[in-house]
Amino acid sequence: MTQTVETPVPDVDSATGPLALTGGVEALRDPSAVLRIPHLAEDVDEVPVHNPDGDDTMIINMGPQHPSTHGVLRVMMELRGETVLRSKPVIGYLHTGMEKTGEDLTYLQGPTNTTRMDYVSPMFNELVFSLATEKLLDLEIPERATWIRMLMCELNRMSSQVLWLATNGMDLGAVSMMIYGFRERESILAFFEKCSGLRMNNNYIRPGGVAADLPEGWRDDVLKICDVFPVRLDEYETLLTGQPIWQERTQGVGIITADECVALGITGPILRSTGVEWDLRRDAPYLFYDQVDFNVVVGTYGDTFDRYAIRLNEIRESINIVRQIVDRMPPGDYRAQDKKVTPPPRGRIDESMEALIHHFKIFTEGFKVPEGEVYVAIESPRGELGCYMVSDGSSKPYRMHIRGPSFVNLQALAHMIRGGLLADAVAIISTVDPVMGEVDR
Amino acid sequence: MPDSPAEAEAEPEPEPPPPTLHGAPLSESRGQTVVHPDQSQYFDLVRALKDEGFVMCVDLCGVDHLLKPDRPLPDGVAPERFEVAVNLLSLAERRRIRVRVQVPEADARVASIYDLHPGTEAMEREAYDMFGILFDGHPDLSRILMPDDWEGHPLRKDFGIGRIPVQFKHTGGSR
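So the protein lines, in turn, are chains A and B. Just so you know, we're using this note's numbering here: the first sequence kicks off at 793 and counts up by one. Just so you know, we're using this note's numbering here: the second sequence kicks off at 299 and counts up by one.
Check the hints yourself; a few may be wrong.
Unchecked claim - Cut-off 27 angstroms, straight-line C-alpha distance, at most; resulting in silico cross-link-like pairs (DSSO-like, lysine-lysine):
{"#": "1", "chain 1": "A", "residue 1": "1131", "chain 2": "A", "residue 2": "1160"}
{"#": "2", "chain 1": "A", "residue 1": "1188", "chain 2": "B", "residue 2": "366"}
{"#": "3", "chain 1": "B", "residue 1": "366", "chain 2": "A", "residue 2": "1153"}
Unchecked claim - Every beta carbon over 12 angstroms from chain A, so not counted as near; a handful from chain B, in silico:
{"#": "4", "residue": "319"}
{"#": "5", "residue": "323"}
{"#": "6", "residue": "373"}
{"#": "7", "residue": "378"}
{"#": "8", "residue": "406"}
If you are wondering where the hints come from, they were derived from the structure by calculation, not from laboratory data. Every residue, glycine too, gets a C-beta built ideally from N, C-alpha and C.
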């Protein structure tokens, strides 16, 4: 689809932040872009579409098994010709009640559950759960554990974004990109396997620290990844960025404005593609992100190409952060030595009955967390990943709610697709980067 | 002896009124600001907060306090079975605030804030789906995660785990 980009540069003062943004329903171009079945008969004709033949509209379902819908997402679309009039994402196919399950698992078992939500970036799910638990416990984490968490999260961010490059390439016909992306991701997953024993769903970050110290030779492994990635990223730029087909398929497609993003609660690369500098790593620092240097990558037009460029360049920023972490990794303990939370060391179990009992109690009954409620948010590759946790003083969360960025970001879909071609819908679904495990939980 | 400490104690200073924000009691939870409006104040409070700069509604979720009726709440807030917790974010000031509304079981409905924050569309549907809390003014309050013909609201505390046989087959009547 050839189309000149007409969206004005968003009016955002970079020095003071997005003060001008108001949000609100009036910011949306047209709430009826969302297809609502009860009112289907209404206002279809009000959608301004060039329709010389007077054809009727047609509703088609894309998904839930369509390969380019990234899992089990179903998008209902109302078409006139090849133009999408309205659309509606239908979700829930992967709903397995993980929030309910979370209420029946102890705080130590919790990360095994949350890590399976956003299965492309499992470390972030574990981290947000652990941070919420630690905030309720008021637990101090050793410095080394915090740096290890940052290292893992940034590597995971790289693997997640590179997987997105791969699937996005495949969606738009660049199948070789798909193979390259998965190859690069595998090098990071191999490192995760070395550290945690698992490629995905690591359960590595836990309340109180991390599961194990970094393995011997981790520095060389990480530096090798850092050396290989920039070369590969340059190759991807050659393959995609300057390619006319790629540009035509992405530039000016799926435009969203900053006001719409704020109104819909959209965060992450989609919000940044509109020019809003908002990255929780910088704007609400957690872990030690205030001690490392990195840039927040923003776009200008809020189109699919901007989001592609942002994700590509965020990998470069992550490499930059990882190098700083490798330089600054302090010696020390990889988990908090709080007797209430941490199991006793393995050696003590052999010689002390009390240690054995204590070990047994921590893993069967779990540790008790003081009563209270807390909301913790971190920047996942897809946006703000939040955890709202309510504790009743027992060893299991009373309520554990995960605010998945994909779940909220999916609401942008209808507004971005509207008025575009059906073929562009594939590019737009891909650019939202929904991970259905997190959407449906 | 008018200056004796005993007499001073007999006339205690009036306690400072509990802190409020737009007429709703204010509290703090682990350093995070929480406002507790009642059902009727809720919509106006969110609107006032939005005018103050809390332009993004980050999260909205329900909580069922069936098993925990005596939880700590600030003075003047009567505990009810359900709660709706809304997390608002001010991008300009980099501040967050949480709004917790008490929702009684007998009248489980609150105003929808869709008109203020359209992004709550999916979140309110999720809260309705999981807890059966109704949101007045929502454009399309229907189930979002569970199947349309599902009975019950799974995240309620009286909805058991593992009570449901496999749903993908014909289960023959009762669930």
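Each hint, compared with the structure:
Under the criterion of a C-alpha separation no larger than 27 angstroms, the hint pairing residue 1131 of chain A with residue 1160 of chain A is consistent with the structure, at around 12 angstroms. For a cut-off of 27 angstroms, the pair hint linking residue 1188 of chain A to residue 366 of chain B stands: about 14 angstroms separates their Cα positions. For the given pair, residue 366 of chain B sits about 25 angstroms from residue 1153 of chain A by alpha-carbon distance, which is consistent with the 27 angstroms threshold. For residue 319 of chain B, the non-interface assignment is confirmed: its Cβ lies about 17 angstroms from the closest Cβ of chain A, beyond the 12 angstroms cut-off.
Residue placement check: residue 323 of chain B keeps its beta carbon more than 12 angstroms from all beta carbons of chain A (closest about 15 angstroms). Non-interface status of residue 373 of chain B relative to chain A is upheld: no Cβ of that chain comes within 12 angstroms, the nearest being about 18 angstroms off. For residue 378 of chain B, the shortest C-beta to C-beta distance to chain A comes to about 15 angstroms, beyond the 12 angstroms cut-off, and the non-interface label holds. Every CB of chain A lies more than 12 angstroms from the CB of residue 406 of chain B, the least distance being 16 angstroms, so the non-interface label holds.
Checked against the numbered hints above, the structure breaks none of them.
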